[in-house]
Amino acid sequence: MPRKPRSLWNGSITVGVIVVPVKLYTAVESKTVHFREVHLADEAKVEHRRFCSAEDSEVPYEEVVRGFDLGDGEYVVLEKEEIAAAAGDRSHVVALEQFVETARIDPVFYEKTYYLGAGDGGGDAYRLLHDALAATERAGLGRFTFHDREYLAAVRPLDGVLALHTMRFADELVSGDEIEFDDAGRAPAKREVEMAGKLVASLSEDFDPAKLKDEYRETVLDFIERKAAGKKPKPPKERPAEETPDLMAALEASLKGGS
Amino acid sequence: MARPLWSGSLSFGLVNVPVALFSAVRDVDLHFNQLHEKDGARIDTRRFCSEEEREIPLAEIGHAYDLDDDKTVIVTDDELDALAPRKTRTIDIEAFVEVAAIDPLYFDHPYFLAPTGESEGPRRAYRLLLEVMRDSERVALGRFVMRAKEYLVTIGVRDDRMALTTMRFGDELRPSKDIDSGGKKPPKQQLEQAVALVEALATEWDPSAWRDCYRARLEDVIERERKGRRIKAPEAQEEPTPVPDLMAALERSLAEASGKERPSRRDGDLAQLSREELYERAQKEDVPGRSSMSKDELVKALRG
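Each protein sequence line maps, in turn, to chains W and X. Quick note: the first sequence uses the working numbering, first residue 1, plus one each step. Quick note: the second sequence uses the working numbering, first residue 1001, plus one each step.
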């Protein structure tokens, strides 16, 4: 059942005067089980309606404005259009301004990932940009307006196509210094470090995403199917945890396969 | 320090390290409330049954799931609660994998782990893990339960702290094979020119050089509205059209990129810029009171 993917946005990537027409697609799709809200008594659809808290009456969407809370119950009122205007340039162009070494970007900056497909009539320019980024091992940076807000975007080759990541801004990231931690006391002994290193080595594996299943999702879907067939679900199991009193003894026991 | 989002222990073989979890991302977005324009009162959302035309309490709401064969299964809150993974207090490390083998697109949300507990033992265990993982090319792969959901996570070191990142499951990634990967391999000379163009615009990755202009503009809108003024929507740029001659475009772009001193924003030419351009720079440099400044004031502030 491979569906033809639908693009979320059509526009172009530019580098200097080179224009690469592109289409944007979802690269990551949440598979969390989603439900519709229904009224238990009659299984009818549940509707969310807007009510004015002062008048106790339903409010049409046209009468809704956005309020920025200044504290003390005081609001600065903005029209929806004013908020949308702040989104920035809507010309559907991502101008790549800089190219940085991809390996230098800490993945913590990547927020969401999309694929870029070649747009109409731009196949050659698309391939050229892809191959030039692959050859230089660089990602292009530019600003991207999408869904009423502007993002910093990084464009890099991925799996034979181009990927676009929306990026977190530096001031959104918490630095390690902000995580207080009492470093006093004895440092771990050399032998402990060696033992722990051995333990890491003994538990080393290849990364195989296909093996890693969302067990909660499977539990929910299994329950739904059982319920549809009129059966009862089974409860999940639990494991206890305890603190380790003797680090060295625990390391040794772990290495012996005691877990 | 903020309250931890979760606390428990990191379990590594038979070693248990008590830890607390903190988000590595802070919410700096501006949040708005929905208000009724007429009276400025808050908007509430109420749930109505579409059949009975009456408001219904949360207790009367069920969750419907449509199966492929037109069958619908209704699940109650109690049933969902029973399905939630049992709250465990451990992050179980299952394996260690090479970090280079994990494409960043698997990463979802970053967190930090801090050691907890008063006694020295647990803190030493935390430092041991830090020491072992710091120079390792591997990260730990594990699972834990937070807010009734089980997460797949990697644990490594960032900024001299143990860092945990929630992960996407493999089947949540769409394959790239359905994406149009463009035309033929470019001719050698064209690729060389394109590479030269990329190199001409190459710079060091400096995240602090990029500011969230959207947030800055919204702050300005709020500031202006506070003073009772209106803002105009920015004018859209003209849409570019693909150039027919790639080679000529490459040459032109390359000439521009190498001839231009980037960034070409030194004092001397400030006066020649438009107010919009000056304003944008003032935003980048976070000049206070910029939204109400005239062109001359902006030039002065930027020179200052």
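Derived from the structure by calculation, the hints contain no laboratory data. Don't take every hint at face value.
What the hints assert, rightly or not - One-sided excerpt, in silico: chain X residues whose CB lies under 10 angstroms from chain W:
no., residue
1, N1033
2, K1038
3, P1115
4, A1125
5, T1165
6, L1197
7, A1216
8, E1256
9, E1285
10, D1296
11, E1297
12, L1298
13, A1301
14, L1302
Think of the CB as a built atom: it goes at the ideal place given N, C-alpha and C, for glycine as much as any other residue.
Quick rundown of the hints versus the structure:
1. N1033: Where the cut-off is 10 angstroms and the nearest Cβ of chain W is about 5 angstroms from X/N1033, the hint holds.
2. K1038: holds (6 angstroms)
3. P1115: holds (6 angstroms)
4. A1125: This interface hint holds because 6 angstroms falls under the 10 angstroms limit.
5. T1165: Holds, about 8 angstroms.
6. L1197: holds (6 angstroms)
7. A1216: Status holds, d = 9 angstroms.
8. E1256: holds (6 angstroms)
9. E1285: Not OK, violated: X/E1285 not within 10 angstroms of chain W, min 15 angstroms.
10. D1296: violated (25 angstroms)
11. E1297: violated (22 angstroms)
12. L1298: violated (19 angstroms)
13. A1301: This interface hint is violated because 22 angstroms lies over the 10 angstroms limit.
14. L1302: Violated, about 20 angstroms.
Of the hints listed earlier, those the structure fails to meet are numbers 9, 10, 11, 12, 13 and 14, in rising order.
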